[in-house]
Amino acid sequence: MVLLSIQNSTLAIAAALTGIGLVALALWLAGLISPRSFNPQKGEAYECGIPTRGESMAQFKVGYYLFAILFLMFDVECVFLFPWAVKVKELGGAGLVSIAVFFIILVLGLVYAWRKGALEWK
Amino acid sequence: MFDFSLFTNWIHSFLSSFMPEWLTITTECVLIGVALLLTYALLALFYIYFERKVCAAFQCRLGPNRVGPMGLLQSFADMFKMLIKELISLNHTDKFLFALAPYLVILASMLAFAVLPWGNGLQIIDFNIGIFFLIAVSSIGVLGILLAGWSSNNKFTLIGALRSGAQMVSYELSIGLSVLTMVCFAGSMNVGDIVNEQEHLWFIFSGHIPAIIAFIIYLIAGTAETNRGPFDLPEAESELTAGYHTEYSGIHFGFFYLAEYLNLFIVSGVATLLFFGGWMPLHFPGWDGFNAIMNYIPGIVWFIGKAIAISFIIIWFKWTFPRLRIDQMLALEWKYLLPINLFNLVLMVLIVVYGIHL
Chain A
10 MVLLSIQNST LAIAAALTGI GLVALALWLA GLISPRSFNP QKGEAYECGI
60 PTRGESMAQF KVGYYLFAIL FLMFDVECVF LFPWAVKVKE LGGAGLVSIA
110 VFFIILVLGL VYAWRKGALE WK
Chain B
29 MFDFSLFTNW IHSFLSSFMP EWLTITTECV LIGVALLLTY ALLALFYIYF
79 ERKVCAAFQC RLGPNRVGPM GLLQSFADMF KMLIKELISL NHTDKFLFAL
129 APYLVILASM LAFAVLPWGN GLQIIDFNIG IFFLIAVSSI GVLGILLAGW
179 SSNNKFTLIG ALRSGAQMVS YELSIGLSVL TMVCFAGSMN VGDIVNEQEH
229 LWFIFSGHIP AIIAFIIYLI AGTAETNRGP FDLPEAESEL TAGYHTEYSG
279 IHFGFFYLAE YLNLFIVSGV ATLLFFGGWM PLHFPGWDGF NAIMNYIPGI
329 VWFIGKAIAI SFIIIWFKWT FPRLRIDQML ALEWKYLLPI NLFNLVLMVL
379 IVVYGIHL
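Chains as they are written, first to last, in our numbering: chain A, 10 to 131; chain B, 29 to 386.
In short, the hints are calculated from the structure, not lab data. All C-beta atoms in this analysis are idealised placements derived from N, C-alpha and C, irrespective of residue type, glycine included. Hints are not guaranteed to be accurate.
To be verified - EDC-like, lysine to aspartate or glutamate: derived pairs with alpha carbons at most 20 Å apart:
1) Lys70/A / Asp355/B
2) Lys113/B / Glu53/A
3) Lys183/B / Glu53/A
4) Lys346/B / Asp260/B
5) Lys98/A / Asp221/B
6) Lys70/A / Glu129/A
7) Lys81/B / Asp106/B
8) Lys96/A / Asp221/B
Unchecked claim - Simulated coverage check for chain B against chain A, where a stretch passes if three residues somewhere in it have a Cβ under 8 Å from a Cβ of chain A:
9) 62 to 73
10) 113 to 120
11) 139 to 153
12) 169 to 183
13) 205 to 213
14) 275 to 281
15) 350 to 364
Stated by the list, open to error - Cβ pair distances, simulated, as ranges:
16) Leu59/B / Pro60/A: 50 to 58 Å
17) Gln356/B / Pro60/A: 33 to 41 Å
18) Phe74/B / Leu38/A: 18 to 26 Å
The following block holds chain A by itself, in its conformation from the complex (with noise of 0.2 Å):
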């Protein structure tokens, strides 16, 4: 701990504030000192040269979709493990059989998403 008298709370409000202060002020400074021109073809998206054709915030590949929820399902069970991971070695060997039941049903979710074809990039 750096300073033994500031809570770990404000040093991250701090250090966050710091982040929003380095984007403001940069973009402050640009604004001041970079050069500013119009032109209606400037607006246009940098795609082809040519006016882009229809909506771009259109549909997408649903396999992204399906990737972001097979993440939830194994990134809420590492929050769950986190905890027991550091008391590993006082549990000891009961702990240790009641993660391996919730390890265990994690694993078959991960078997099944397998053998539904849910990892396979169509």
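Based on these hints, arrange chain B on the given structure of chain A.
Relative to the frame of chain A, chain B by itself:
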């Protein structure tokens, strides 16, 4: 080892001798902010220079050598050039989200950066769940990238952002699980405790085979997490012009650039912290003379040196392996790294609980 908190405590007692409590804390927070800002910016600029020099060496070129001695001022010049470029405002973007995205990307890397321990007592945020906090805040960066791609209203940025999202989210899992493996071994999530555990022997040596497997997986996942090397398909320039930040100009683009290099440092810093003893010197039990000599090198040099060495390996990846296709990338994570990682976790738990040594 020199305890840096002596210095900070001295500053604190000096300031509080003539200031009220709240003013002292505010002043200290401002000082910390300035120090953080300077380190962040200088380190990112150094990394841009370092990457360009290393990639030049791999391609038998000289790299930047005109601005300043050995081109050292090149990245300062680049950053200044970005500052004086026009910020183009586009017609069909979602203005609010478009402006928000760089803030999120920088915020995530700044918070993660503040958790890293640089030396004995030289650490800003010291939660008792430090490493968990680090993983949590670094995943805010994905939001910034997704917003940048979506709000730009451009087909290339949308595809780039979705690829980047799928990739970072998938490989975050591997990072989380390999960190979990090492947390099992260290028995603590506090960054300072993890470093102190490695005083006699670094975890890569004392952690048996699971620590080595976890390190390899961490390195692969870390490369993917920073969108670099063989995993740079979110910004595959031959397919997507520049990926999610195609529409950003001037310093707006500079933020993504800075954050990308800082993330490289953070990934190497966490690898240093978990596997190579953070700021701890290289010690071997029994080699007293060797250990005493190693103690003369200050902790901050050890930390930065180890982090740069790991970054060098990650940059090396970039110039060695060809770019993966998206299905290969997802298959690598979900069909290889994840099952290996789960098995590795079980192995590590067995070693920790029953003391079974391989």
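Status of the hints after comparison with the structure:
| no. | hint | result |
| --- | --- | --- |
| 1 | Lys70/A / Asp355/B | holds, 13 Å |
| 2 | Lys113/B / Glu53/A | holds, 18 Å |
| 3 | Lys183/B / Glu53/A | holds, 13 Å |
| 4 | Lys346/B / Asp260/B | holds, 9 Å |
| 5 | Lys98/A / Asp221/B | holds, 16 Å |
| 6 | Lys70/A / Glu129/A | holds, 13 Å |
| 7 | Lys81/B / Asp106/B | holds, 15 Å |
| 8 | Lys96/A / Asp221/B | holds, 14 Å |
| 9 | 62 to 73 | holds (count 4) |
| 10 | 113 to 120 | holds (count 8) |
| 11 | 139 to 153 | holds (count 8) |
| 12 | 169 to 183 | holds (count 5) |
| 13 | 205 to 213 | holds (count 4) |
| 14 | 275 to 281 | holds (count 4) |
| 15 | 350 to 364 | holds (count 6) |
| 16 | Leu59/B / Pro60/A: 50 to 58 Å | holds, 52 Å |
| 17 | Gln356/B / Pro60/A: 33 to 41 Å | holds, 35 Å |
| 18 | Phe74/B / Leu38/A: 18 to 26 Å | holds, 21 Å |
No hint from the list above goes unmet by this structure.
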